[in-house]
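> Listed below are the residues making up each chain.
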Amino acid sequence: MADHAVQLTIFTFLFIVIAVMGFAASRWKAGETMHHLDEWGLGGRKFGTWVSWFLIGGDLYTAYTFVAVPALMFGAGAIGFFAVPYTIVLYPLVFLVLIRLWSVSHRHGFVTSADFVRARFDSRTLALLVSVTGIIATMPYVALQLVGVQAVLATMGVGGKWPLVVAFLVLALFTYSSGLRAPALIAFVKDTLIYIVIIVAVIYIPSKLGGYDDIFAATSKHFTDAANQGPLLAEPSQMLYVSLALGSALALMLYPHSTTAILAAGSRDVVKRNMALLPLYSLMLGFLSLLGFFAIAAGVEPVDGDANTIVPVLFDQQFPPWFAGIAFAAIGIGALVPAAIMSIAAANTFTRNIYKEYFRPDATPKEETAVAKIVSLVVKFGALGFIIFLNPSFAIDLQLIGGVIILQTLPAVGIGLFTRWFHRGGLMAGWAVGMGVALTLLYQIPKIDPVTGDVVKAHFGGSGYALSKFGFDTDYSIWVGMIAILANLVVAVIVTLVLRALNVSGGVDGTRPADYFADSGDEDVTGPEPETDRWPTEPVIA
Amino acid sequence: MSTDSQQPDRSRPEEDIGNPDWSPWVLLLIIPIVIPLIPMIYNRVEPTLFDIPAFYWIQLAYVPMSAAITGIVYMKTRKKKVA
Chain A
1 MADHAVQLTI
11 FTFLFIVIAV
21 MGFAASRWKA
31 GETMHHLDEW
41 GLGGRKFGTW
51 VSWFLIGGDL
61 YTAYTFVAVP
71 ALMFGAGAIG
81 FFAVPYTIVL
91 YPLVFLVLIR
101 LWSVSHRHGF
111 VTSADFVRAR
121 FDSRTLALLV
131 SVTGIIATMP
141 YVALQLVGVQ
151 AVLATMGVGG
161 KWPLVVAFLV
171 LALFTYSSGL
181 RAPALIAFVK
191 DTLIYIVIIV
201 AVIYIPSKLG
211 GYDDIFAATS
221 KHFTDAANQG
231 PLLAEPSQML
241 YVSLALGSAL
251 ALMLYPHSTT
261 AILAAGSRDV
271 VKRNMALLPL
281 YSLMLGFLSL
291 LGFFAIAAGV
301 EPVDGDANTI
311 VPVLFDQQFP
321 PWFAGIAFAA
331 IGIGALVPAA
341 IMSIAAANTF
351 TRNIYKEYFR
361 PDATPKEETA
371 VAKIVSLVVK
381 FGALGFIIFL
391 NPSFAIDLQL
401 IGGVIILQTL
411 PAVGIGLFTR
421 WFHRGGLMAG
431 WAVGMGVALT
441 LLYQIPKIDP
451 VTGDVVKAHF
461 GGSGYALSKF
471 GFDTDYSIWV
481 GMIAILANLV
491 VAVIVTLVLR
501 ALNVSGGVDG
511 TRPADYFADS
521 GDEDVTGPEP
531 ETDRWPTEPV
541 IA
Chain B
1 MSTDSQQPDR
11 SRPEEDIGNP
21 DWSPWVLLLI
31 IPIVIPLIPM
41 IYNRVEPTLF
51 DIPAFYWIQL
61 AYVPMSAAIT
71 GIVYMKTRKK
81 KVA
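Read top to bottom, the protein sequences are chains A and B. Oh and the first sequence: position 489 is 489 in this note's numbering, straight run, nothing missing. Oh and the second sequence: position 29 is 29 in this note's numbering, straight run, nothing missing.
Be a bit skeptical, because a hint or two may be false.
[To be verified] So the derived label-pair ranges between C-beta atoms look like this:
{"id": "1", "chain 1": "A", "residue 1": "Thr125", "chain 2": "B", "residue 2": "Asp51", "range": "43 to 49 Å"}
{"id": "2", "chain 1": "B", "residue 1": "Asp21", "chain 2": "A", "residue 2": "Ala458", "range": "45 to 51 Å"}
{"id": "3", "chain 1": "B", "residue 1": "Met75", "chain 2": "A", "residue 2": "Thr125", "range": "41 to 47 Å"}
{"id": "4", "chain 1": "A", "residue 1": "Val498", "chain 2": "B", "residue 2": "Trp22", "range": "49 to 55 Å"}
{"id": "5", "chain 1": "A", "residue 1": "Val498", "chain 2": "B", "residue 2": "Met75", "range": "41 to 47 Å"}
{"id": "6", "chain 1": "A", "residue 1": "Asp304", "chain 2": "B", "residue 2": "Ile72", "range": "46 to 52 Å"}
[To be verified] Computed far set for chain A versus chain B, every beta-carbon distance over 10 Å:
{"id": "7", "residue": "Pro140"}
{"id": "8", "residue": "Ile199"}
{"id": "9", "residue": "Gly461"}
[Unchecked claim] Selected chain B positions facing chain A (Cβ under 10 Å, derived; list incomplete):
{"id": "10", "residue": "Pro20"}
{"id": "11", "residue": "Pro36"}
{"id": "12", "residue": "Met40"}
{"id": "13", "residue": "Thr48"}
{"id": "14", "residue": "Leu60"}
{"id": "15", "residue": "Ile69"}
{"id": "16", "residue": "Arg78"}
Rather than coming from a laboratory, the hints here were simulated on the basis of the structure. Heads up, the beta-carbon is just placed ideally off N, CA and C, and yes, glycines get one too.
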């Protein structure tokens with residue numbers, strides 16, 4: 001109990017430091033007004049290389065990732081390592097695809113990917129579908145960040161819901177006042193803590209457990225089910241591994257919070273440089289995922305049978321209390337950064353593509369910002385309500401669905417950045433079919449206990465779909481998103497051809513080819529000039 | 001480029017600017033996109049490195065490899081700032 005008191009003191013102290021920084025951030029690199037969505041929702045569109053690095057890294061590698069990936073390795077074995085190829089493949093894709101979104105958004109002042117879709121395909125409806133998909137996919141993701149905080153609190157012996165409420169209240173208030181600048185500044189502290197913790201963990205813990213040899217020997221004995229071959233993937237798991245990695249990378253590109261973090265960068269070079277620098281986070285994630293195997297070797301028992309607690313429990317057992325306190329703070333703060341960015345991204349999307357588009361077409365930038373700030377509060381309290389009043393496993397189900405459905409915006413957003421070949425009607429039809437297929441298949445997937453073979457849960461039990469259900473004579477399975485996007489694309493192509501044959505108007509493209517290569521400093525770029533790459537010179541904490 | 005399929009926009013002259021992002025160096029990016037998605041390469045225990053099975057260390061080694069390739073492509077495709 002004394003150990004937990006030390007941990008809790010350090011955790012609380014670091015949490016307060018972060019809260020102060022969050023509120024002070026509104027004055028950091030402040031523009032002329034906070035009453036513009038470019039300022040509140042995109043931090044002024046002028047972040048340099050290092051700020052962007054911390055912001056994007058802090059955004060994509062969430063607290064839930066830190067908790068859930070090792071938990072997946074702990075529970076399911078090698079398949080959990082898909083997070084590594086997933087985050088390797090991601091960056092070259094962003095380098096090729098999202099760089100064009102950055103340019104066209106910079107030229108036209110787009111804040112969300114739905115803004116782009118509206119101009120590109122001249123369709124409010126298609127933009128609405130993209131924005132609703134984005135918001136639905138993001139909400140449970142915000143809620144899941146709380147699962148990370150909850151796992152840490154449970155390990156420190158803090159029960160009840162009120163600490164979560166306090167943590168989220170702080171988050172909600174500083175996001176409200178500081179916008180995207182708050183997570184950008186906090187990410188710096190969060191990631192520094194996380195890097196220290198991981199480096200210490202991968203050196204110190206194995207030395208206590210008898211080295212990597214013993215750890216992998218324990219793992220080999222542990223995984224004897226059909227999906228694993230000791231520490232390796234069994235043959236039938238390989239297709240699932242690859243489709244999960246590729247599909248997750250494509251999906252992550254399309255999430256509103258990724259768009260927000262990328263658009264906040266000051267220039268094309270900032271984005272491109274970051275694609276070469278961000279893999280450092282993947283290296284960290286790779287080592288972190290091995291903690292799941294450390295936990296097996298250390299004989300960790302999850303709190304209340306919740307596998308998400310294995311990393312905190314491992315730290316609690318292996319580290320001295322003061323260092324465990326730092327590690328817990330790193331995870332706790334780690335939840336705030338992505339939760340803030342996600343809620344800002346959802347708020348930007350709601351304001352630009354639903355409120356302004358359908359309710360107040362003549363809303364001023366000031367009104368847009370006021371609405372976005374309130375929506376960011378709604379999103380966060382919605383997420384909090386999710387965790388408090390519903391079963392957290394419901395949020396996990398929804399997040400699983402989130403990745404699959406956000407991928408259905410790939411033809412409009414991802415492919416739309418390269419070609420306007422698809423007809424807007426084809427894209428809408430493809431989206432509808434893709435969504436239908438995704439939800440139908442996910443509903444059909446049961447969760448099966450690997451040891452007993454019993455069905456633990458009848459529906460939404462995973463995202464790997466057995467190909468044998470389509471009548472193929474194989475025990476391979478594939479990530480549901482891949483099947484859904486295939487159906488989506490086939491329908492989009494067919495409907496496009498039909499509409500074109502019938503001479504149905506495809507609308508007018510509001511963008512020009514040169515827009516996709518525009519850079520800051522080019523003439524008639526709407527955004528401000530990028531600042532030089534530096535941290536604030538004036539003290540941030542007053 | 002897909003500019004031909006676009007509806008003519010009367011407010012501006014049609015332009016064909018090619019693809020300024022293109023360079024043969026971009027083809028290098030195929031490596032970090034494709035290689036990590038071929039499990040046959042790394043789904044094995046031997047050779048181990050510091051007692052870590054090949055499955056884990058090879059994929060971890062892909063991370064700096066892909067970062068280096070992306071970095072090279074960035075340098076080689078960087079627009080020269082003409083003064």
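> Could you run down the list of hints and mark each one as holding or not?
Against the structure, the hints come out as follows:
1. At roughly 57 Å, the beta carbons of Thr125 (chain A) and Asp51 (chain B) sit outside the given window of 43 to 49 Å.
2. Distance hint for Asp21 (chain B) and Ala458 (chain A): a CB-CB separation of about 48 Å, consistent with the stated range 45 to 51 Å.
3. Checking the proposed 41 to 47 Å range against Met75 (chain B) and Thr125 (chain A) shows it holds: the Cβ atoms sit about 43 Å from each other.
4. For the pair Val498 (chain A) and Trp22 (chain B), the supplied restraint of 49 to 55 Å is violated, since their beta-carbon distance comes to about 33 Å.
5. Distance hint for Val498 (chain A) and Met75 (chain B): a CB-CB separation of about 46 Å, consistent with the stated range 41 to 47 Å.
6. A C-beta distance of roughly 49 Å is found between Asp304 (chain A) and Ile72 (chain B), which places it inside the suggested range of 46 to 52 Å.
7. Against chain B, the non-interface label of Pro140 (chain A) holds: every CB pair exceeds 10 Å, the least being about 27 Å.
8. Against the 10 Å criterion, Ile199 (chain A) stays outside the reach of chain B, whose nearest CB is about 14 Å from its own CB.
9. No Cβ of chain B comes within 10 Å of the Cβ of Gly461 (chain A); the nearest lies about 24 Å off, and the non-interface call holds.
10. With 10 Å as the threshold, the beta carbon of Pro20 (chain B) comes within range of chain A, its nearest partner Cβ sitting at about 5 Å, so the hint holds.
11. Nearest Cβ of chain A to the Cβ of Pro36 (chain B): about 4 Å, under the 10 Å cut. The hint holds.
12. The closest approach between the C-beta of Met40 (chain B) and any C-beta of chain A is roughly 8 Å, which is under the 10 Å cut-off, so the hint is satisfied.
13. Checking Thr48 (chain B) against chain A: minimum C-beta separation of about 8 Å stays under 10 Å; hint holds.
14. Taking 10 Å as the C-beta cut-off, the interface hint given for Leu60 (chain B) holds, the closest approach to chain A being about 5 Å.
15. Interface restraint check: Ile69 (chain B) against chain A, minimum CB-CB distance 8 Å, threshold 10 Å, status holds.
16. About 7 Å separates the beta-carbon of Arg78 (chain B) from the nearest beta-carbon of chain A, less than 10 Å, and the hint is met.
Figure legend: structure checked against the earlier numbered hints; hints not met, in rising order: 1 and 4.
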